[in-house]
Structures are given as C-alpha cells and as structure tokens.
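Visitor: What follows is the residue order along each chain.
Protein chains: 2
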Amino acid sequence: MTLEELRAQIDALDRQLVELLSERARAALMIGHLKVKTSLPVYEPAREKVIYQNVRAANKGPLPDIELTLIYERIIDVMRALQRNELASERAALKGQGTGAPDGDTPGSAPEIRKEK
Amino acid sequence: MTLEELRAQIDALDRQLVELLSERARAALMIGHLKVKTSLPVYEPAREKVIYQNVRAANKGPLPDIELTLIYERIIDVMRALQRNELASERAALKGQGTGAPDGDTPGSAPEIRKEK
Chain A
1 MTLEELRAQI DALDRQLVEL LSERARAALM IGHLKVKTSL PVYEPAREKV
51 IYQNVRAANK GPLPDIELTL IYERIIDVMR ALQRNELASE RAALKGQGTG
101 APDGDTPGSA PEIRKEK
Chain B
1 MTLEELRAQI DALDRQLVEL LSERARAALM IGHLKVKTSL PVYEPAREKV
51 IYQNVRAANK GPLPDIELTL IYERIIDVMR ALQRNELASE RAALKGQGTG
101 APDGDTPGSA PEIRKEK
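Protein sequences appear in the order of chains A and B.
Per our numbering, the very first residue in the first sequence carries number 1; after that it's consecutive.
Per our numbering, the very first residue in the second sequence carries number 1; after that it's consecutive.
Errors might be hidden in some of the hints.
[As the list claims (entries may be wrong)] Sample of chain B residues with no beta-carbon within 10 Å of chain A, all distances over it, derived: (1) R26; (2) S39; (3) P41; (4) R74.
[As the list claims (entries may be wrong)] Pairs of lysine to aspartate or glutamate, EDC-like flavour, derived with a Cα cap of 20 Å: (5) A:K60 - B:E44; (6) A:K60 - A:E73; (7) B:K60 - B:E44; (8) A:K49 - B:E5; (9) A:K49 - B:D14; (10) B:K60 - A:E19; (11) A:K60 - B:E19.
[Claimed, not checked] From the derived model, a few chain A residues whose C-beta atoms are all more than 12 Å from chain B: (12) A8; (13) E19; (14) A27; (15) L29; (16) Y43; (17) A58; (18) A88; (19) R91; (20) A92; (21) K95; (22) Q97.
Honestly, the hints are just simulated from the structure, not real lab data.
Only a predicted model underlies this, so the values are computations on that prediction, with no experimental measurement involved.
Just so you know, even glycine gets a beta-carbon here, dropped at the ideal spot from N, CA and C.
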C-alpha cells in the first residue's frame, strides 16, 4: 500500500471511530438520565474497573495494553464530564421549575450527584 | 433501556473501538515502515491538521468538537509513540546488521527520523 492509501484508510477508520465514540456518548448520556432518577453517583470506580478489564480483554495488539489504557483514560474522562454537565443542567432545570420534570424525575435525588468525584 | 442494557451496549461499543484502534495502529505502523524507506519524519504537523479536520467534519454530536479533539490528541500521541518505537527498532536493526534490511530499506535514510518531535 502507498502512503496515500494508508492515510485514506486511517481517515476512514477515524470516521468510524467518531461514530462509535458518539454512540458511546449517547449511551453515557442515557445512563446519566437514569442516574438522576435512581440516585446513583456519576463516578463509580467499580464500573470503571470493569470497563478497563473489558478493553484489555478485547485487545489483540499491536497497541500494548498500557497505551490502550492511556487512550481509554481520556475517553472515560470526557464521557464522565459530558454526563456531569448533562446532570447539572437537569438538576438546574428541576430547581428552576420547582415541580418535577417529565419522565418521573425525582428532584429529591439530585443532591446525590454531589457524590461524584 | 435499563442501566444493565446500556452498560452491555457500552461494553460492546468498547470492543469495537478497540478493534478500530488496533486497525488504526497497524496502519500507523505500516506508514512507519514507509517513512524509514522514504526519509519522511514521524511528526508531520500538516498531516495531523488534516486528521483533526476529518474528525471534526465527521462529528455529529453529542460530543462537542473540543471534547472529541481531546480524545484524538491522546490517540495521536499514542500512535506517534508506537510509530517512533517501531522506527527506532528498525533503525537499530539496520545499524546492527550493517547491510541493508530486506525490502530495499536504505540505511542512509535513517538519520532523517531525527527530525521527529
């Protein structure tokens, strides 16, 4: 393969990566919604451990586990920040409205997210 | 969807992400090979600019461009380090053997990779 072909391949892979990362972000946001309802904290170290184990188990190289973990630390940081922002807006909306939000969100559960790191 | 279903979805997405990242790493390694042969430097800011543009153009949310760029900075750092290690071993092998490596590698091109950042 020529340099140009390899770069075209990388560009195509990057577009697929962006799609998967976006899907992952949508799932993280949905989890955020559920966390408001169920009073779960955003930061759950046990769950993050499972994510890293899953990622390492799926790794067949050529990236060493440690390098893949570096990438995943960044992915998880970004997803957690996204979830936290979303929860903050939902909490603000709940406070502003006084009454409960649609979908049966319980305002009483909002303080729980202060547990997050 | 329940929390468990969303987490299973994320785990499946992560396994696909690992596969794409591995494919991307393989392509980066092949580019590394070509770079030894053609005296191109590992660090090419113009090419990295194209990568970021491609990634942002493909982004339809919900991740803001800036967050996606944060993830990509890490991906590119890791890929560059992988390429650099690979080039260093190839260069060492060339030096050790004295004669040229297979595939028509030209030992004279090796010093060029000192240009890398």
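Visitor: Work down the list of hints and note, for each, if the structure agrees.
Guide: Cross-check of the supplied hints:
no., hint, in the structure
1, R26, "violated, 6 Å"
2, S39, "holds, 12 Å"
3, P41, "holds, 13 Å"
4, R74, "violated, 4 Å"
5, A:K60 - B:E44, "violated, 28 Å"
6, A:K60 - A:E73, "holds, 19 Å"
7, B:K60 - B:E44, "violated, 27 Å"
8, A:K49 - B:E5, "holds, 18 Å"
9, A:K49 - B:D14, "holds, 13 Å"
10, B:K60 - A:E19, "holds, 8 Å"
11, A:K60 - B:E19, "holds, 8 Å"
12, A8, "violated, 10 Å"
13, E19, "violated, 7 Å"
14, A27, "violated, 5 Å"
15, L29, "violated, 6 Å"
16, Y43, "holds, 15 Å"
17, A58, "violated, 4 Å"
18, A88, "holds, 15 Å"
19, R91, "holds, 18 Å"
20, A92, "holds, 18 Å"
21, K95, "holds, 23 Å"
22, Q97, "holds, 23 Å"
Going down the numbered hints, you'll see the structure goes against 1, 4, 5, 7, 12, 13, 14, 15, 17, while the others check out.
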